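Asker: I would like the entire structure built from these sequences, with the hints used as guidance.
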Amino acid sequence: MHGSLPDFQMPNDEQVHLAAEAFRLLADPTRIKILWALLHGESSVACLAELVGAAPTAVSQHLAKLRLAGLVRGRREGTFVYYSAADVHVQALLAEGLFHADHADRDLPDHPRGDITTHTGVPATATG
33 MHGSLPDFQM PNDEQVHLAA EAFRLLADPT RIKILWALLH GESSVACLAE LVGAAPTAVS
93 QHLAKLRLAG LVRGRREGTF VYYSAADVHV QALLAEGLFH ADHADRDLPD HPRGDITTHT
153 GVPATATG
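Numbering-wise, my numbering comes out as the position in the sequence shown, counting from 1, plus 32.
It should be emphasised that the hints constitute simulated quantities derived from the structure, not laboratory data. Note that this is a predicted model, so its numbers are computed, not measured. Glycine included, C-beta positions come from ideal geometry on N, C-alpha and C.
Across the chosen pairs, the derived CB separations fall in these ranges:
id, residue 1, residue 2, range
1, Pro144, Phe112, 39 to 49 Å
2, Gln41, Gly73, 29 to 39 Å
3, Tyr114, Ala54, 13 to 23 Å
4, Ala78, Ser36, 51 to 61 Å
Answerer: Laid out in structure tokens, this is it:
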């Protein structure tokens with residue numbers, strides 16, 4: 033069946049492994065909140081802890097795991113480390129996950145012909 037598709041290629045094992053690891057790490061509400069905050073700008077552990085309502089030590093542990101998976105980057109300035117989302121792919125991944133959750137939460141229909149160009153800004157679930 034798929035052999036008849038001209039441009040069909042399965043991802044290689046390393047790509048599948050890395051994607052699965054990223055999805056595994058995103059399966060935590062606190063990590064999603066941390067990443068959402070980082071998509072809106074660089075932040076310190078203390079600031080992130082306040083934003084997500086978690087202890088700084090817990091946030092630091094989450095950030096270490098996200099950094100090892102390549103989802104966040106750290107920038108050292110003196111004794112402080114400031115974190116940011118690794119790249120636009122992380123932004124797209126998280127945004128689509130939240131848009132999907134918004135559709136499920138509000139029982140919204142799928143987009144006609146798969147057109148997701150209307151997904152700009154913030155999913156309604158992220159605003160309230």
